[in-house]
Structures are given as structure tokens and as C-alpha cells.
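Novice: For reference, the chains in residue letters:
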Amino acid sequence: MGGGGHGLATAYYLAKNHGISNVAILEKGWIGGGNTGRNTTAVRSNYFYPESVALYEFSLQLYERLSKELNYNIMLSQRGGLNVAHSEMDMEIAARLVNAMQINGIDAELFDRRQVLKVVPLLNTGPNARYPVFGGVWQGRAGICRHDAVAWGYARAASHLGVDIIQNCEVLDFIIEGGACRGVSTSRGEIRSDRVAMAVAGHSSMLSAKAGFSLPIQSYSLQAMVSEPVKPVLDTALLSIGTGTYANQSDKGEIVFGGGLDRIPSYAQRGNPPAHDHTISGLIEMFPAFGQLKILRQWAGIVDVTPDSSPIIGPSPIPGLYLDCGWGTGGFKAIPAGGWLLAHLMATGSHHEISKPFDLDRFTTGRLIDEAAGSGIAH
Amino acid sequence: MRLPSGGTGITREKELSFAFDGKPHRGFEGDTVASALLAAGVRTVGRSFKYHRPRGIWGHGVEEPNAIFDVKLAGFHEPNARGTTTPLADGLVVRSINARPDASRDRFGFLDRFAKFIPAGFYYKTFMWPSWERFEPRIRAMAGLGEIDREWAPKAFSSHVHDTCDVLVVGAGNSGLRAALAAARDGRSVTVVDEGFAPGGQLLYRSRTADGEHAEEWLASTLAELSRLGVTIMSRSTAYGIYDHNLVCVAELKKATNPPISHRIRPKQIVLATGAIERPLVFPNNDRPGIMSAASALFYLRRHGVRVGERIVIASNNDSTAEVAEAFRVVGANVTEVSSVANVRGKNRVEAVIDENGRSIPADALLVSGGYSPTVHLFCQAKGKLAWSDERAAFVPKDEVQGVKVIGSANGDFRWRVQASWPTKPTKERAWIDFQNDVTSKDVALAARENFRSVEHLKRYTTLGMATDQGKTSNVNGLAALAAFTGRSIAETGTTTFRPPYTPVSMMAFTGYRHGQLFNPVRRLALETEHRAAGAIFGEYGGWLRPAAYDRDIQSEALRAREGVGIFDASPLGKVEVIGPDAGLLLDFNGYGKVSTLKPGRIRYGLTLNENGSVYDDGVIARLDETRFLVSCSSSHVTGVHLRLEDIRQDLFDPTRLSIHNATSRWATLTVTGPKSRSLLDSLSLGLDLGNEAFPHMSWRMATFEGGPVRLARVSFSGDLSFEVSVPQSKAASLFCALREAGARFNATMLGLEALMILRAEKGYIVIGKDTDGLTLPHDLGIVGPRDKRTDEFVGRRSLFTEWAQEKKRRQFTGLSITDGGGPLATGAHAIERVTGKSRSIGFVTSSYFSPTIGKPIALGLIENAMERQGEIIEMQHLGAVRKARVSAACAFDPEGARLNA
Amino acid sequence: MHLICCPFCGNRDETEFRFAVEAGKRRGSVSSSPDEWAKYLYFQNNVKGDTREVWMHLTCGELFILSRNSVTHSIHGSEPVRKAAEA
Ligand SMILES: Cc1cc2nc3c(=O)[nH]c(=O)nc-3n(C[C@H](O)[C@H](O)[C@H](O)COP(=O)(O)OP(=O)(O)OC[C@H]3O[C@@H](n4cnc5c(N)ncnc54)[C@H](O)[C@@H]3O)c2cc1C
Ligand SMILES: [Zn+2]
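Sequence lines, in order, name chains A, B and C.
For the record, in the first sequence the residue sitting at position 282 is 282 according to our numbering, with numbers rising by one throughout.
For the record, in the second sequence the residue sitting at position 409 is 409 according to our numbering, with numbers rising by one throughout.
For the record, in the third sequence the residue sitting at position 66 is 66 according to our numbering, with numbers rising by one throughout.
No wet-lab data here; the hints were simulated from the structure.
Just so you know, nobody snuck in bad clues.
Lysine-lysine pairs mimicking DSS-like chemistry, simulated, CA-CA at most 30 angstroms apart:
#1 B:K808 x A:K356
#2 A:K68 x B:K442
#3 B:K155 x A:K252
#4 A:K356 x B:K838
#5 A:K252 x B:K116
#6 B:K268 x B:K383
#7 A:K28 x A:K210
#8 C:K48 x A:K28
#9 B:K116 x B:K347
#10 B:K268 x B:K385
#11 B:K405 x B:K385
#12 B:K405 x B:K268
#13 B:K398 x C:K48
#14 B:K254 x B:K405
#15 B:K442 x B:K125
#16 B:K116 x A:K68
#17 B:K808 x B:K770
#18 A:K231 x A:K252
#19 A:K252 x B:K347
#20 B:K770 x B:K789
#21 A:K16 x B:K125
#22 C:K48 x B:K405
#23 B:K72 x A:K118
Bear in mind that the values here come from a model prediction, so they are computed numbers and not experimental data.
With the rest of the complex left out, here is chain A:
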């Protein structure tokens, strides 16, 4: 269920890694039309906890060979990603992060102010800058890639391997027999299957309610926007904790940027002025020269936020029904891994080593994987 990146990648790896090609993807709209086609495409693996590193680094490595594997150019641009530090205290946290990453084998570096300004010369260094530049956390292999191409590339490859992609087909309910999931009923009829997985992002709680259980998820609108295209001015994927704004420049020349969640839990795929005012102001505060630009488009996706902002991969309380959700604001970078791990789980019935810590049971045991709690930086 769900023709986003995670659903499509899962189908592809089921066929490719496990030889299971009798797979259907049910998408209520058009493939890639959810968050996969709405996100700002930052990919990176510079996380704090080893569990997160294992997941996101695995994903980045899959991304690194994906264009060739799918014979579809996903335009992975490893131009480098930077988290800017704005004070001595930020630098201490940055050091804590970088050291953790280096110990976990990630290509992270601690940049000083000079190094930061070398890669992002347009950053605000004026005397009135609210958030002066002290340094930052750099990952050279981080970057961006083309979101639609990821969805389409997986879809095409999965389709070649015999997977059925059914668009305009909304899952309305589950067929539960003897306490186990035996299929789904959809807007286009019933489909029976003994292995069903949901990868429906912001709509996870709706579906889980149909199956009779709730999830540790709250849905929010997350906005993003682009400026009109201009010639290259920003060569990295950049995030500032101070302003709460992150930005990169698309190959087409638009400044693609966003900030925090809208303040109100929501299922409306639509942004609200308070958050975008703040985000745009943050961008101009970081890059005063961008005040010359105009906003071309703004939009929002419904993101599925968990208490620790880490995803949920694993079996659901209903046998035969599997979960891949809770990716919240950061699951684009994890599409290849999410697909691989969910396929493994569905095909073998048991967790891959990497997905084990992300099981739903962590909320009961208390073993949350809270990046923000450990490093001050979430997704």
C-alpha cells in the first residue's frame, strides 16, 4: 500500500532480491505524488547513533549505485551537506556529532568558519547577523537527488520485473481472518494476499485504525517552497539550526527550501502562513542576497512524525501486516534502505539486522532512537 518511494522500492527489492514478483503496489493517486514528490531531496548519512548510521549509510550506498542499477538517472549530486553552527555551544555539539560519526565510519568533518564560508560564501556575515557563523558539520557525500526520478526509476524497474503498479486505487479496509491480515479491500475491489505492507507516510494512522490498532504517530503538514530559477549561487545542501531553515539549489536553478513543521496537527496538504513566513525570513537572514528572489511555488506534504523522529519498520500487531512508516520529515534519503529492509522482512518474515532497532516494540521497551535528544539535530 502506497506508491511512494518506499512502496516502490519495496516492490523492486522483493522482485530483485527475493525473486517474489507477484507483487502489487496500490496507490490511491499517482505514484510519487505523496511526500516522495514533495520533499526537498536532501540525502545524507551523518547521524549520531550507530543504529541510525547503519540505516542511513546503507541507504546512501544504495543511492550511490542506483542510477546505473536502474538505468535511470536519479541525478544524485553529492555536492556536500553542511549544518551551520552559530555559537561556541553549537560548535561543542558539532564536535560531539562529528566525533560520533567518524567513530561510526562516516565521512563527517568539523568545519571552522573559514571552511564554511569557502563552501557557502553567501552566508550572512554582517555585523547584524542574528546567527553568526562559527563553523559547521560537513559531510562530503551528502547532497541532493531528483525525487521524481527515484520514484519513476524504481517503478520502471519493478514493472520490468513483473510487479503490478495500480494507480487510482485506494485501500479502504483490511480483510482480517482469524486475526491475521489476508488482503485488502480497495476502491477498485478486493485483493487477497497473505503479506500486506503499508508505506503510506502521513496516512499511516488512518489505515492502522482500520486494522484496529493505533500508532505512535502524529501527522503534520511540512511545507517547502522554491524560488524562481537563477544561475548557480548555492552549491551545498545546507541547514541552520539557528534559523530553522534549510536550503539547496536545484539543477534547474531554483532555491529549494523549507523549515520546521506547521504548528498544528494536520492532514491538509497545504501550508499555513506562520510557518512559511518564518522559513522565508530564516532564509533571508542566512542569505540576505536572496532577498532579490521571488517565491515561485509553495506546497506541503503530510508527514508522519514519531516521538523520537525515527522510522518504524517491522511487523504490526496483526500477523501478515507489516509497517514502514514514521519517516516524518526525513525519509526520502532512506528510500532504498526502507525498501530493501521491508522487502527482507516481508520475504523472510524476520528483521534484517539494520531494521531491528526500528521495530514498533521500542516504544514499549523505551529504547527510542532520538537523534534530537542526542545531538540536537533531527532529520
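Add chains B and C with the ligands to chain A, keeping to what the hints say.
Specialist: Same frame as chain A, now just chains B and C with the ligands:
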């Protein structure tokens, strides 16, 4: 060409000079960049995004796809300015974009010959070997439109105006003005906004109103009446978005060089009279300079006295162009009317039009009308749904949306009849659908062939409708083509989502005052001036601007306080009063340690937890009397603590028996710390016995200072004898002076936060959020009493007993001492453990300083099993370098606390 | 920009408010089972459509119940928490 007379929008007495691509030109006040260029006979004004095709002006408003310029004027710079909506100004420097050296001689013009190899989506299928990154820099450099000025910084900021009215009319054309008039006559307050330079819409260039009145006369008398009725009419004001609860955002361009004024209007009723936009016809080479919207040609004729050609062909599928033909004949043009076009001759300008019979008609301008698309953007943003109308060849508003009314052409109520003429199959030669983004009917066919049959997929795959004109002229033609090529009806094919903003809006319109220090204002101390006079260097801590140090030598500043006495401004510390008979019980529930057993006059230190068990804050609580407590929390947690106390009060207690009062900003607090602090305070003669017996550690007393109250609390964050002295803010300065004066005799030092951080670290006192993280449980700090002994509920209690909380391997708070004789460890260094050659982090340094008191580096950290590891030597890694440290007690100085109780 | 109605202060700008929790949730306690405690602490119904939620009006400090629609964002009404609890 400019006619010798005519043009209701220009003032011929006021000539303006400007430059385009380096060449000087002249125009009149009231011209736009586009009208002035047309008047000057400039045909090629730019190049298309991908193929670098020469392009001329198409439209006269926000729909313009081609005339995008770089515009500079006295410090003002807009990289992608739309020529049709940019007013001409004296000295304006206009450059074409995406063209080198200029629009007429663009050296990338050759790309058009390779069009076959670079159709829609070509980049998904190529550039993979050896890797995309080999090609990307060159592709990026080719893409993009204008260039930003890297040195530019905002000088002016937008004002934000919040407003309301009974009726907000968007669009001051025929329908909008009628609606405004009706509402105003009805006694309602009415505001009209319009993106044009003057109200009137089509009435400014059409001769008759919808009801057949003389347009100019009707407009004049209507505007006069509206003005009499007090209706506000705002021109150059674009309603660019309708958001939740019918909030309309309007950007008003008042002064050319200033950012727009941002209006947020919440009317009782919104009337959308936003008109309709003329569509191109889809035929081969329909993008040549000289081909333009018929309505726009009429606009330039009537408003600017510009005749866009002498030999004009008009191609139209509707009868809106009859007036255009007539008007151009009147001004002496040779006009031929055709219903469709087979092709066009001429590259940089139209030379001839080939009609469907293969007849070649010599022409220097081709005016086209492919029908009109209602401007339904705002209606859709307001959650309105559309229906396809074959008769009107347009998507029109379907059901009504509450509070939003759509009228006139925006509602599909056209005056003219349309004979739809959609593309049926891709033509052999390219026919453009999206001019700016270079999407042709062949690209649509390609997308359809590759199964991008959803309009959203079409849009993303071909980039149709994603240019700066946001598809205003191209969307309907594009989906009509897709419908035809996939054998579906247009209604079945549907439209893409209309996303805000309706037209691109300057980023500066959104920022308002949110810039520089005002982006997120720091809080300031009442005594800031005094601190500055005392030589303080300020830093930001938890949102407050506070003295970081007074002495560049922080070590000696700390040492002076340790050995003598220091004065520290602790005013930002939270002071939340909890009042009422149940106050103690409330605080018991709120905190980790029990509070209700505290005796009046006494103070207790404690933690508060999050519901997930992690440490939220720490601080002391003073019992003021039986029913009053004063909660002192971290400066950055004041709001949070206040809210959670309110939450508990309202949820679990009888709120009538309790009240919470945040008194933080009412009091200024100066801490006097060090062995000589008592003597210093004694000399102030507060009339209070400060002796250890009368005033022991962890107690508080009231006294009088300058006739007002002063509260002294004997608590310490330095490990030395300390008194927090609090007075109402109004007395802060005199207290500061008194302490400084008295302090002079004791050689008192001003103590900044940095030095205090060293003093507290010597004692192993934690700073929440620095020495703890979101996973630290109280027992990780070695504080287990309440967990083990309390029998009542408190926030976070249950979480202390989860599997994870009870785990053996937990990161625990500890001291770290240096064993290698080197300097302080880096804060953020990790402790590592090597298992089978691989390193694993077992924790990290959270605080690290050189201690002036003990003359050695000290450090605090969170280390796995630190309690068990006491004495163990561990490896510390920072940026690749490894050092050694010993896990040791957090408190490195005066562990018995003798100095505290002195 | 939502207009939210505080039962005590009337319609105010959304920035004055804070979402607290879904209405009807009961606090757990030390005797909750691990599952019950996890449910209380982390799980929610996260309803798409009409919802009842506890909000706080930050300027007056009162908690109240807000009925609204999480898709259309229309606000249906609000009431003090106490009333809701007693009813
Ligand atoms: C504005 C924004 C910016 C972001 N930026 C980044 C970023 O920079 N980096 C990053 O890594 N991540 C980012 N993310 C997060 C990322 O987009 C998501 O985590 C990721 O795309 C999730 O992929 P998915 O396949 O799980 O979900 P989706 O792509 O949302 O796919 C879920 C699909 O399920 C379908 N569906 C829902 N209900 C049903 C049903 N009942 N029946 C059938 N189908 C159904 C939906 O239509 C949808 O297509 C961002 C998200 C947003 C909104
Ligand atoms: Zn209120």
C-alpha cells in the same frame, strides 16, 4: 511602433530613458518595460530556457512567459522581472537573461538545432556514465534564468498590514467593480485589490462594458462613486494566496525600489473577479517573436499608443478578436483574419503566416487568441473544485465555497463564443505549449507514450507549467493535448493543483520585521548598561544576552571569585510562584524530589523529569510560606516550566485552590559568591543576621533594601558560600551600585557566565542540556532516592522502570581527569572502546575546562557505566586524535562541601 | 493563519495557541503495564477528519477542548476542559 497620439496609460510629456541589453531607449511615464520595448520596435527580448529560441513579448500582464529581464535601478535589483508588469523608470537598466552576450545574438542559439536529442526528460535517460556529477556543473550553469547580485543586501523591509472588511473584491474589472458598487451601496465596507497599474481590467482597453456601456465613461463614473462611498481600491496589489479561514494575502507594490507591502486581510466575504487569461494557439513555430496575444496587442494600442505591426494577421478561435481587428484597421494596419495557422516563416521575427490552405500571408505580427482560461487560482486555493465546460472551452468553478464568490470571466461568464481548437496530434515541426520551459506538443506526446498519463506526471516529466509564469498560458493547452494523445476527454484528464502564490512574490514581502536581531530577539537584562560600564563582554545564553566575562582572562576572573568574592547577575533564572493550599502537592507531582515536606524558610534542590523519564530541568524551590512556593528554573525553561505547572494545575487539581504566577521579570537577582560574600553583604547593613546559624545553607530570608523588599537565598552554584540577592527590577541599579561600592573594599570581582561555568564544573554541578541530553534519566546522574522511595505519582515516574531505563549499560554522568599531562579535553570528544579492531563510542565529554583552583584540566561527561568504571583509564577520541583520561568523581574540588557551609 | 476560538477570550490568531494532546487520554501511572504506559506516552489516534483535542491558549493560560477538522481545518467550537470533564 509608437503612434503619434493615443495611449490612455502614458504621459507623453514625461519622457524616460532606459537601456536594454546595453542600448539606450526612450519611453514615457506610464510605460512598462514591455510597452517601451514594443514601442522601440525591439522584437527579440529574450531566449527560452532550454533551446535558447529567440522570443518576443506575448502578453501584457502576469501571464507573460517570455519577457523576463534582469532589472536594476539605484540599488534595486530584480533578477527575473516580468517586463509586462515592471513600470518603466528613468535610468532603468534592463538586460535579457539566459542569453550571452544579449538576446539578439545569443551564442547558445545553436542548441535549438539539437532539440531532437534533448526532448522532455532526456536527462533521466542519459548522463549516467561515468557519473552524473561529471555533467552536472555544466548543466547547472546552463540552467537558471537571471543572476543574483552577490553583494546585494536588503535596505528596506516590507511592512505587514493586518486588516478586515465586509467584502474583499479581487479584480477591479467590469465584474469586480460592479460587485464592489453593489456592496458599498448596501452599506458594507469594501476593499478592492487589483494587480494592474490602474483599476479597470479589460475596461481600460476594450470599448464597451459587458452591458454595452461606453467603457471609459462607465469606468470613470463608477470609480468616482466608489470613492464617494469610501471604497478602498488598491492597484498593483496582487492577492496571491487564500489560506485557511479565508485569509487573503496581498502584496502591494507601491514604490518600485521597495519590497511590497504585505497585507493580510480577513474579510467576511471574498469576491473573486479575477478575469480570464488569453491562451495561445498551438501550431508549428508559434513561439516566434512577433506572435502575441490578441488582447495584449489591443492593450498596448489603447494604453500605450503602440501599434505592434503594420501587416497584421489575427488568428482566433473566438469572436473576442473582432474588436482587435477593427482597432488595428482604424490605426492604418493591414489586417488579415484567419481561424487557424499551419506555420510561420521567419526566425527572429514573423515574416509570413501560412494558413491552413498553405497560403503565405506576409506579416510582421501575428495576433492569436486560443480562447480564455478563467483565473481560478485563488478559488482553487480556497479549496474550490472545477468543472470542465466544453461550451466555454475552459475549466470553470463548480460548487460554491463558503465565503468565496466567483464572478465574471473568472466564473467562465464570457462575452464571446469560442470554437475550441485543441491539438489533436503532435505536428511535424515543433509547436509550443509552454513557451518559457520549452515544452512542445511533441514532448506531451512523448510523455503520454511513456505512460506519464496523469497530469501531475506530465507536469513533472516535461516541466510544463513550472516556469515563472506558472503555466498561466500553457496548462490548459497542455492537458488538452494530453487528453487528445491518450484518447481521453479533457474533463477526465483533469488539472494539476493550483499552488500559491498565484504569481511569484518577493521573498522580502514575507520577512517584514523578522531580520537581524529582530529575527528572534534576545532578552536583555535590566542592568545591561551597568554591565557594559563594568566592561562586560556579552554572549547569548538560552535566549538571553548576558555578560560572558568582564576580564579577558576568565581563569583569573574565576579564581578571584573563588578566593575572594564575585558578583554575578542571575536575573534570568526563573521565578515562578505556586500559590494555594495544594501548592506543595502540585510541586510533588511536578518534580522528581518531594517538595511538600519542605519547611517555610527553607530551600530544596531538585530535578523535574519529562514524562519519558528524561531530565527536563533542575533548580531550587523555596517555600515562602505554608501556601507559597517559589520555583527557580533554568533561564531557558521558564516558559516551559510555567506551562507544565499550568497543565498539571488545570488537569489534576482544583484550579480554584491554586494559582501559578511567573514573576521572573519582576525581580532582578545578583549573586554574591565567595568566601568573603558574607562580609560584603554585612557591610550593606540589610538588618539581617547572615551568620551560619541564623541563616544556614539552603534557606532564604526577607530584609529591607532602600525601603523595599529584598530576598536573600543562600544557595550556591559555585560551591562557595553564596547569596542570591533579589530586589524588584526598579531597585536593580541601586543594588548593583551598592554591591559594587561595598565590593570595592573586598576586591570583589564581577563574575561572568564563563567563569561561573568553570567554578561549577570544579564542583561537578551539572548544566541541564549541556551535561545531560534527552536520554539522561535521574539515576544516570546518581540521583535514585525518589525513584526508589517515593510511593506517590510524579511526572516521568513510570518511565524510570522501562526495560531501557533499567538497562545495565547506561551513560552515566561522571568526571574525567587527564592522565597524559596535556591540556583540557575537547568538549565533544568521545570515549571509545575497541572491540575486535572496531571502535565504539561509549560516551562523550560534555564540559571541559582548565581549573584555576586546582591547577589542572577538568572535565565532565556522560560515559557508559561510569559508576562502575571509576578509576578506569579510557581512550578519548577527538577529530581522529586519541588521548587518555581517567574516569573520576565529578566533583574535583571540596568534595565535603566545607566551603558551602562556611 | 487559523482563527481559533478560546472559550474564554474568543477568536484569536493561531500563534497564541498550542496543541497539547488528543482529548480523552488518561494519564498512566506506575502501575500501568509496559504496553499501557507506551500507549499513554506515545500512541495516538491521529484522526483524519473531525477531532477533539486539548489546546492551551498561551496568553490566558487556559486549557480547553477544541473541536475541529484536521483536513479542512474548519473549527467547530471549543469548551473549557472542566465542563467537558463534568459532562
Ligand atoms: C516538504 C517536505 C520536505 C522533505 N524533505 C526531505 C528531505 O530533504 N530529505 C529527506 O530525506 N526526506 C524529506 N522529506 C520526507 C520524505 O519526503 C518522506 O519521508 C518520504 O518521501 C516518505 O516516502 P513514502 O514512500 O513513505 O511516502 P509517500 O511518498 O508519501 O508515499 C505514500 C503514498 O501512499 C499513498 N497512500 C496513502 N494512503 C493510501 C491508501 N489508503 N491506499 C493507497 N495508497 C495510499 C499516498 O498517495 C502516497 O503516494 C520531506 C517531506 C516533505 C513533506
Ligand atoms: Zn484565552
